[in-house]
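We have chain U already, so just place chain W on it with the hints.
2 protein chains.
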Amino acid sequence: MNDEYQDLRRADVATVRGAIRRGDYDGHTAGLAPGRLQCNLVILPERYAIDFMRFCQRNPKPCPLVGVSETGDAMMHTLGADIDIRTDVPGYNVYRDGALAEQPADIARHWRDDLIAFALGCSFTFERALLQDGIPLRHIERNLTVPMYRTNLPAAPAGPFGGGLVVSMRAIAMDEVAKAGEISARYPLAHGAPVHAGRPEAIGIQDIDRPDWGDASEILAGETPVFWACGVTPQNAVIAAGLPFRITHTPGKMLITDVDEFAEVPVIQAEASRPAALAVPA
Amino acid sequence: MNDEYQDLRRADVATVRGAIRRGDYDGHTAGLAPGRLQCNLVILPERYAIDFMRFCQRNPKPCPLVGVSETGDAMMHTLGADIDIRTDVPGYNVYRDGALAEQPADIARHWRDDLIAFALGCSFTFERALLQDGIPLRHIERNLTVPMYRTNLPAAPAGPFGGGLVVSMRAIAMDEVAKAGEISARYPLAHGAPVHAGRPEAIGIQDIDRPDWGDASEILAGETPVFWACGVTPQNAVIAAGLPFRITHTPGKMLITDVDEFAEVPVIQAEASRPAALAVPA
Numbered sequence: 001m002n003d004e005y006q007d008l009r010r011a012d013v014a015t016v017r018g019a020i021r022r023g024d025y026d027g028h029t030a031g032l033a034p035g036r037l038q039c040n041l042v043i044l045p046e047r048y049a050i051d052f053m054r055f056c057q058r059n060p061k062p063c064p065l066v067g068v069s070e071t072g073d074a075m076m077h078t079l080g081a082d083i084d085i086r087t088d089v090p091g092y093n094v095y096r097d098g099a100l101a102e103q104p105a106d107i108a109r110h111w112r113d114d115l116i117a118f119a120l121g122c123s124f125t126f127e128r129a130l131l132q133d134g135i136p137l138r139h140i141e142r143n144l145t146v147p148m149y150r151t152n153l154p155a156a157p158a159g160p161f162g163g164g165l166v167v168s169m170r171a172i173a174m175d176e177v178a179k180a181g182e183i184s185a186r187y188p189l190a191h192g193a194p195v196h197a198g199r200p201e202a203i204g205i206q207d208i209d210r211p212d213w214g215d216a217s218e219i220l221a222g223e224t225p226v227f228w229a230c231g232v233t234p235q236n237a238v239i240a241a242g243l244p245f246r247i248t249h250t251p252g253k254m255l256i257t258d259v260d261e262f263a264e265v266p267v268i269q270a271e272a273s274r275p276a277a278l279a280v281p282a
Numbered sequence: 283m284n285d286e287y288q289d290l291r292r293a294d295v296a297t298v299r300g301a302i303r304r305g306d307y308d309g310h311t312a313g314l315a316p317g318r319l320q321c322n323l324v325i326l327p328e329r330y331a332i333d334f335m336r337f338c339q340r341n342p343k344p345c346p347l348v349g350v351s352e353t354g355d356a357m358m359h360t361l362g363a364d365i366d367i368r369t370d371v372p373g374y375n376v377y378r379d380g381a382l383a384e385q386p387a388d389i390a391r392h393w394r395d396d397l398i399a400f401a402l403g404c405s406f407t408f409e410r411a412l413l414q415d416g417i418p419l420r421h422i423e424r425n426l427t428v429p430m431y432r433t434n435l436p437a438a439p440a441g442p443f444g445g446g447l448v449v450s451m452r453a454i455a456m457d458e459v460a461k462a463g464e465i466s467a468r469y470p471l472a473h474g475a476p477v478h479a480g481r482p483e484a485i486g487i488q489d490i491d492r493p494d495w496g497d498a499s500e501i502l503a504g505e506t507p508v509f510w511a512c513g514v515t516p517q518n519a520v521i522a523a524g525l526p527f528r529i530t531h532t533p534g535k536m537l538i539t540d541v542d543e544f545a546e547v548p549v550i551q552a553e554a555s556r557p558a559a560l561a562v563p564a
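Protein sequence lines correspond, in order, to chains U and W. Numbered per the working numbering, the first sequence spans residues 1 to 282. Numbered per the working numbering, the second sequence spans residues 283 to 564.
Calculated directly from the structure, the hints in this document are not laboratory data. Certain hints may be false.
Partial chain U-side listing against chain W, Cβ under 10 Å, derived [what the hints assert, rightly or not]: (1) I50; (2) L65; (3) A158.
Take a look, some chain U residues computed to stay more than 10 Å from chain W by CB distance [as the list claims (entries may be wrong)]: (4) E4; (5) A14; (6) D24; (7) G27; (8) D82; (9) N93; (10) V94; (11) Q132; (12) M148; (13) G214; (14) A221; (15) G222; (16) I239.
No experiment lies behind these values; they were computed from the predicted model shown. We put the beta carbon where it would ideally sit given N, CA and C, even for glycine.
So here's chain U without its partners, still in its complex pose:
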């Protein structure tokens, strides 16, 4: 939470991405460019792309695909007017033969003609929707990372990609569980409706106080643990696939797009081709 972050919190999306591109900001992106869709990032060689897209299609709740680059083209044309995936994320993890090889601030020298960048929706969108509808989220109030757990629910496999579903947990007041489910169901590109509520052991979670990732979170009297599909699922699937080369964002350092965070379709259209008439009169 340095001064730069505080300044950027008041800046528009172009200013924020500009600071990231120039290397002036390399921190986390939560709270930056409010209202804009933020994404997880997976970059793979084209030879794995069909299977990875099949994996995302078959597991849309943990793996909502919101953008796919052209092969070898680093500009994410559908997500913004000027997004260069080589420089516009605050931090990258570069893996070779399964091992974290480097955490560079940009990947210009790692980019190749056979790479495809995949942007995946994240939980920020439905969390903002829950907050706007008056459902509090403890990990945000306490500035902690949401607790995440491995489950015994399998993902539908595709080629080398598979493994189990990872979930995130939020404690919700019992009389608000149905409402939280309905609200999040409106955002299929941000993990959609919960996959379970109530009994952690029913989905293979042995100890709710010991998450596999993130910070443990209290469940108070009158609350129920509610579990949503989590973007760690595709990251684990990519790890388990044992690919010789991949790049991801560094956790917490997301791709910030020009797309409205609540957009039904995560595609920026040229102004000329986006008539106001597209909106349905209320």
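Okay, now just chain W, sitting in the frame of chain U:
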């Protein structure tokens, strides 16, 4: 509307697909296996698959991808326990070099190791949801084909796939337009919310009484034309791409899956891996 069709209307999905597989039924599928997701079909060589999946990802309203086969594997594992895409659709269109070459009852002898079958969501799902909520649909009442129109709204291109958005039109009572929009928005795998309501000319439709496909439909006093993205869009995109070989379903003769028509995720899971606990308690 022969006797066979009337008998099949009372049959379960396995019986219906069995009759189709054996060649005992080759008619349209509307009204068969009620409650099961029906799909449009596009079969392409693998070399076009990445671009076609990018096209669907970028145009999810006209092209909701609900199933993708393994390359060369004719079984649609994620859409049912026993769906053979070579035999389980009542009729196929086989195109060579852009021209309709054949309309066989099965494609066993056309199947190749490099083919991928893509199942795409269709309007049946949201139409059933509208009807269940008391919003009448004239083309269904009158047993006509919904009117469809080319528009001036571009699809987001991907590789050889592009072209314009095609829409279907339903006349909705003005005080029900918002409700119809909200209901259909719940089904992103069935074209989602309307793309326009009100002025056909705003989206490039010159004469509402002369649809490009389907039957013209009245718009009565107090009604508004409401336009949804239409599955003809990807069919046109595939035509325009000029591929040397492709197979589609014959219009009206859809793939009937085991998936619940209102499922949030269009994937059948093995019973053992689908705990009742997946449901969120209401």
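Going down the list of hints, with the structure as the test:
no.: 1; hint: I50; verdict: holds (5 Å)
no.: 2; hint: L65; verdict: holds (5 Å)
no.: 3; hint: A158; verdict: holds (8 Å)
no.: 4; hint: E4; verdict: holds (34 Å)
no.: 5; hint: A14; verdict: holds (21 Å)
no.: 6; hint: D24; verdict: holds (31 Å)
no.: 7; hint: G27; verdict: holds (30 Å)
no.: 8; hint: D82; verdict: holds (17 Å)
no.: 9; hint: N93; verdict: holds (24 Å)
no.: 10; hint: V94; verdict: holds (23 Å)
no.: 11; hint: Q132; verdict: holds (17 Å)
no.: 12; hint: M148; verdict: holds (18 Å)
no.: 13; hint: G214; verdict: holds (21 Å)
no.: 14; hint: A221; verdict: holds (18 Å)
no.: 15; hint: G222; verdict: holds (15 Å)
no.: 16; hint: I239; verdict: holds (21 Å)
Going through the hint list in order, the structure satisfies each hint without exception.
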